[in-house]
Amino acid sequence: MQLQWSVDHVLGLAPDDGSAKAGQALARASKWGELGQADTAVWGAIQGSGKDPYRVRIDLTEPAFKCSCPSRKFPCKHGLGLLLILAQSADAIPKGEPPDWVAEWLAQRAKRQDTKVAKAAETRDVDAAAQAKRVAKREARVEDGIDELSLWLRDLVQQGLGAAQVQPESYWDSMAARLVDAQAPGLSRHVRRLSELISSGEGWQDRSLAAVSRMHLLCEAHRRIAELPADVQADVRIAVGWTVPKDELLRLPRHADIWCVLAQRVEREEQLRVQRTWLLGLATGRPALILQFAAGTQGFEQSFRVGSQFACELAYYPGAVPMRAMLVGERSDPIEPPKPLAQAPSLADALAEYARALARQPWLESWPMRVSGLVPTIRGDSRRLFLHDQRGRGLPIVDRFAGAWHLLAISGGAPLEVFGEWDGDALRPLAARSKGDSFAFAQTETATTLVRVA
Amino acid sequence: MTQSGPTQQWRQLVAAAVLGAGRAGGRLPPLESAPAKLLAEPSPDGALHLLQAASVMSIYERAGRRPMAAAGEVLRPSENDTTPPCSFRSGQHLARILFGEFGFLLEEWCALAAKRGVRVPDELLPAMLNRLAADRDGAGSEWAAVLGRRGEWLAAQNPDWKPIVSSRADDPQAVWQTGEKAQRLMFIRRMRAADARGAREMIAQTWAAESGDDRAEIVAALAIGLSPEDEAFLEAALDDGRKPVRQAAADLLARLPTSAFCKRMTDRAMPLVTLSLQKRLLRGATVQLEVALPEKPDKALLRDGVENKRSGAIGERAHVLCQIVAATPLAAWEACGAPPAKMIAAAAESAWREPLLSGWAKAAARQKSTPWAEPILRTRLASGDDLDSEECRQLVQALDPSDRERVLTGIFKDSSIAFAHSVPLLDCCEHGWSPAFSHAALGAMRSYFGTSEAYAAHALRSSFKQRIARYLSPSVAVELESGWNRTNANWHKGDEELVSALAATLAFRQAMQEELSR
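Sequence lines, in order, name chains A and B.
Sequential numbering of the first sequence, starting at 16, is according to my numbering.
Sequential numbering of the second sequence, starting at 130, is according to my numbering.
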C-alpha cells in the first residue's frame with residue numbers, strides 16, 4: 016500500500032513559501048495530462064511557459080523529483096503540485112504501469128544509487144604525501160589558533176565576564192575571524208555563540224561561564240590530544256572544526272536497522288539552511304542525527320518523512336557518544352504498517368542517560384531525549400509550558416517555544432511521550448505521541464504547526 | 130519551574146568569573162570531593178585555576194541536574210469526547226482553511242462537520258481557537274459544535290480563548306455580570322438565539338448599570354429572535370439619554386408591525402401619502418398618488434427617532450416623510466387595493482420618487498417583504514447609474530434564498546437591466562446557491578467580465594474570488610472554466626485569475642464536501 020501523503024508533508028518539502036504557493040495553484044488534476052501513479056512513483060505532464068509540457072516524475076520512496084522545466088528551485092512548483100494532488104485527491108490520478116519516460120528514470124536512479132555507493136567506497140587515489148603535508152600544515156595553524164584562544168579566555172576571566180559584557184562587537188569578531196584563519200571553524204562558532212550568551216538576559220552569568228569552561232576544556236583536550244582515547248580524539252577534532260572525509264566514514268562499521276524518522280527541524284544560518292533529522296533504530300534503540308545543508312532555495316539531497324520507517328545501513332561519525340550519522344546503503348521502501356517503537360524511558364531514566372553521555376562527551380550540544388509520562392500544563396502570567404511527570408517533577412522548555420498549546424491540545428491533560436532536543440538546560444520539543452497517535456512539529460515561515468504523522 | 134539549585138561552589142565560581150579573577154583575588158574555594166578528583170593539579174595562576182575549576186564544575190552541575198517539583202495546582206484533565214475527530218483528510222482540509230488560502234471556507238467546513246457529527250482534530254485546536262478569537266462571525270453558527278469537549282477544555286485555559294466558550298460556562302450569570310464587553314455580547318447573542326425571553330430578562334437586570342455604548346450594542350443584539358414580547362423594553366429604550374440607543378430601539382420597533390410605534394407611524398403616514406386605485410376602461414388600473422409634506426417634527430416624532438435634517442438630495446421635510454414611510458408597515462399601503470408594483474411605479478414617476486422609494490426600500494428590508502423588495506430593486510436597477518449599493522444589498526438580503534434566486538434570475542434575463550448593475554448583486558447573495566442559480570449566475574458573469582464596463586472592476590473581482598466561491602454549487606465545476614470572453618480585447622488578466630481562483634475553490638470545496646459526507 017502507498018503511504019498516505021499529507022499536504023503538510025508536501026509543503027514541508029518546498030524550498031520557500033513562494034514555491035509552496037505556486038505548487039498549490041497547480042494542484043488540480045484538470046490542469047495535468049499523462050497523469051499516473053504506481054506504488055512508488057507518480058508522474059504527469061503540465062503546460063508551462065515552454066513549448067512542450069513539462070514532464071514531472073516523482074520517486075515516492077524518498078521522495079525524489081525530476082522535472083523537465085528550467086527552474087533552479089528544487090523541488091520545483093510542478094513537482095510540488097503533482098505531489099499535492101496525490102495528497103489531496105489521490106483518486107484523481109489513475110493507477111497504472113509507469114510509461115517508458117518514467118520507468119527509464121526510475122531504473123537510472125536505482126543504478127546511480129548503486130554506483131554512488133560503490134564509488135564512494137573506493138579508496139581515492141590521492142597523492143598521500145601531499146595530503147599528509149596539507150594536514151600537517153593545518154594542524155600547526157590550529158595549534159597556533161588554540162594557543163591564542165587559551166590566552167584570550169584567560170584574559171576574559173581575568174578581566175571578568177562583567178567587563179566582557181561591554182566589549183564592542185569587534186572584540187568578538189576579531190577572535191572569531193582569527194580562528195577561521197586558523198582553520199578551526201568549530202572554535203570560531205563557539206566564540207560567536209559566547210558573544211550571544213553574554214547578553215542573553217537573566218542567567219547569562221551561568222550560561223556564559225559554562226560556555227567559557229567548555230571552550231577551555233576543549234583547548235586543554237586538544238593540547239593533550241595524543242593521550243586521549245581514539246573516540247574522544249575524534250570528538251575533539253570535530254569540535255575544533257575538522258571534518259570527517261566521506262571515504263573514512265565508509266570504512267567504519269555499519270549499523271543495519273529499521274530506522275524510524277522521529278523528528279525534523281530546519282535552522283537558518285544566514286544563507287544556509289541546516290536540516291536536522293532524528294532517527295531511532297528500532298532494534299538497537301540507538302538514535303542517529305542526519306545533518307543536511309542547502310544553500311538558498313535549493314532542496315536537501317535526501318528527504319525524510321517524519322513518522323516513516325525504512326531499513327538501511329548507517330555509519331556513525333566517530334566519537335565517544337556516536338550521534339551524527341550518514342546513510343551508507345540503499346534505503347528500503349517505507350515499512351508499512353510502521354512497527355511499534357519501544358517504550359520511552361521515564362524522566363528520571365532519561366536524565367540519568369544524559370548524565371552518562373555527558374560523562375563520556377562533555378561537549379554534547381544537543382541530546383535526543385525521548386521521555387514518556389509527561390503531562391503538559393501552562394502556568395502563570397507568562398503562560399509558560401511545563402512538562403512534568405506523575406510525581407510533579409518537570410523539565411524546563413526552551414524560551415519562546417511556540418508549540419505549548421499544541422502539546423496541551425493533544426494531551427487533554429493526560430501523559431504524553433515527548434521527543435526533543437535537550438541542551439542541558441532546556442528541552443526543545445520536536446515530536447510527541449498521545450495514545451498511539453504520533454505528531455511532529457513543523458515550522459513554516461509564518462506559523463508553528465503540529466502535524467499528525469501516524 | 131524550579132530546578133535543583135546550583136551548588137554553592139558553582140555560584141562562587143560564577144561570582145568570581147563575573148567580577149574577574151584579577152579583582153576577585155586568588156581565594157577560590159576548594160572543590161567538593163567528587164569533582165576535585167578530576168582536577169589533577171591546580172594552576173598557580175588565579176584565572177587559569179578558575180577556568181580549570183569551572184570546566185569541571187560546569188559538567189558536574191549539568192550532569193547532576195535533577196528536575197524539581199513544579200509548583201501550582203494540577204490540571205483537571207479534559208473529559209472524554211463522545212464526538213469522534215474528523216478523518217485525516219478532513220483534518221487536512223481544515224488545516225488548509227486555517228493556514229492556507231481558503232480561510233473563507235471555515236463556516237462551510239464547520240457546518241458540514243457538525244452535520245456529520247465529527248469534531249476538529251486535537252492538533253488543530255490551537256489554530257482553530259486563534260482564528261475564532263480573531264473572527265467568530267466568519268465561522269458561522271456551527272463552530273461551537275465542532276470544538277468538542279477537548280476544545281472547550283483547552284480554550285478555558287487561555288485568557289485569549291476563554292471568551293469563545295465562556296457562554297457555555299457553568300455559571301452564565303457570572304459571565305453576564307462580570308465578563309468583558311466582547312464576551313458579554315457574544316454570550317447574550319447566543320443566549321438570545323436559544324432563549325429570547327431569558328436573555329431579555331437578563332439584560333433588564335443589569336440595564337441601569339450599563340454604559341451608553343454598551344446599551345446601544347445590547348439593544349442591537351435583540352434583533353436576534355425579535356418578537357412582540359420585546360416591545361415594552363424597546364419602547365422604554367426610546368427615552369434613553371443616548372441617541373445610538375434610541376436609534377437602535379426605533380429600528381427594531383419598526384420591524385414589529387403590531388407595535389404601538391408602528392401604529393403611531395401609520396397614523397402619521399396615512400394623511401401625508403394618499404394612494405388610490407383608478408380603474409380605467411382602456412388603460413387598465415393605475416395608481417393616483419398625492420403627497421403632502423409633513424410639518425416640522427413635534428416632540429413625539431423626535432422621540433420616535435425621526436431626525437429633522439436633509440439627507441443627500443432629499444430636503445429636510447421630504448426626509449422626515451421618508452423616515453416616517455420607512456417605519457410604517459407596508460400592509461398599510463396595500464389597503465388601497467393596488468399591487469405594490471403599481472404603487473412603486475406611480476411613485477417613481479412622481480416628484481416624490483426619492484423619499485418614497487428609499488422609504489419603502491428601507492421598510493421592505495426591515496419587514497423582509499418580497500412583493501415590495503423585488504419591484505423597488507428592479508426600478509432602481511433599470512434607472513441606471515446612481516445606484517445606492519447599500520440599499521440594493523439590503524433589498525437583496527431581505528429576500529429569502531428561493532425568492533432571491535428567482536428574482537435575480539429574472540433580473541439577469543431582463544434586457545433593460547445592464548449586467549454592470551446586476552452582476553455585483555451576486556456579492557450579497559450569502560446562501561448556498563442551487564445548481565440552477567449557480568448556472569444562471571455564471572451566465573451573467575460571462576456576459577459581464579471581458580466587457581469594457583468590467584475592465585476596472587478590481588474590487589468586485591477580488592471580492593468575488595472569496596465570496597462567490599463560497600456559495601457557488603460545486604455542480605458547475607465542470608462548466609466553470611469554459612465559455613468566457615477570453616478573446617475580447619477587454620479581457621483583463623484579473624478575469625483569468627478570477628476564473629482560475631473560482632475553479633480552484635470549487636475543486637477544494639468538492640473534495641471537502643465529499644470527505645465530510647462519506
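Read the hints as simulated data drawn from the structure, not as lab findings.
Be a bit skeptical, because a hint or two may be false.
Under the rule of at most 27 Å between Cα atoms (straight-line distance), these lysine-lysine pairs were calculated in the DSSO-like manner [claimed, not checked]: (1) B:LYS497 - B:LYS542; (2) B:LYS497 - B:LYS471; (3) B:LYS310 - B:LYS291; (4) B:LYS594 - A:LYS46; (5) B:LYS372 - B:LYS408; (6) B:LYS392 - B:LYS497; (7) A:LYS152 - A:LYS261; (8) B:LYS372 - B:LYS471; (9) B:LYS594 - A:LYS36; (10) B:LYS542 - A:LYS36; (11) A:LYS126 - A:LYS261; (12) B:LYS392 - B:LYS310; (13) A:LYS126 - A:LYS148; (14) A:LYS46 - A:LYS110; (15) A:LYS66 - B:LYS497; (16) B:LYS425 - B:LYS408; (17) A:LYS46 - B:LYS542; (18) A:LYS88 - B:LYS622.
Nothing here was measured: the structure is a model prediction, and the numbers come from that model.
Now for the hints, and whether the structure bears them out:
1. Between the alpha carbons of B:LYS497 and B:LYS542 the distance comes to roughly 24 Å, so the proposed pair stays at or under 27 Å and holds.
2. Between B:LYS497 and B:LYS471 the alpha-carbon distance is near 19 Å, which keeps this suggested pair within the 27 Å criterion.
3. Taken as a hint, the B:LYS310 and B:LYS291 pair is honoured in the structure, with Cα atoms around 13 Å apart against an allowance of 27 Å.
4. Taking the CA atoms of B:LYS594 and A:LYS46, the gap is near 19 Å; set against the 27 Å cutoff, the hint holds.
5. As the CA atoms of B:LYS372 and B:LYS408 are separated by approximately 46 Å, the hinted pair breaks the 27 Å bound.
6. For the suggested pair B:LYS392 and B:LYS497, the alpha carbons sit about 18 Å apart, so the restraint of at most 27 Å is met.
7. With a C-alpha separation of about 21 Å, the suggested pairing of A:LYS152 with A:LYS261 holds against the 27 Å cut-off.
8. This hinted pair does not check out: B:LYS372 and B:LYS471 have alpha carbons roughly 37 Å apart, beyond 27 Å.
9. A C-alpha spacing of about 16 Å is found between B:LYS594 and A:LYS36, which places the hinted pair at or below 27 Å, so the restraint holds.
10. A C-alpha spacing of about 39 Å is found between B:LYS542 and A:LYS36, which places the hinted pair above 27 Å, so the restraint is violated.
11. With a C-alpha separation of about 20 Å, the suggested pairing of A:LYS126 with A:LYS261 holds against the 27 Å cut-off.
12. Distance hint between B:LYS392 and B:LYS310 is unfulfilled; the C-alpha atoms sit about 35 Å from each other, more than 27 Å.
13. A hinted pair counts as satisfied when its Cα atoms are at most 27 Å apart, and A:LYS126 with A:LYS148 does not qualify at roughly 37 Å.
14. Of the pairs offered as hints, the one joining A:LYS46 and A:LYS110 holds, with about 18 Å between alpha carbons and a cut-off of 27 Å not exceeded.
15. For the given pair, A:LYS66 sits about 57 Å from B:LYS497 by alpha-carbon distance, which is inconsistent with the 27 Å threshold.
16. With a C-alpha separation of about 35 Å, the suggested pair B:LYS425 and B:LYS408 falls outside the 27 Å cut-off, and the hint is violated.
17. Taking the CA atoms of A:LYS46 and B:LYS542, the gap is near 33 Å; set against the 27 Å cutoff, the hint is violated.
18. A C-alpha spacing of about 26 Å is found between A:LYS88 and B:LYS622, which places the hinted pair at or below 27 Å, so the restraint holds.
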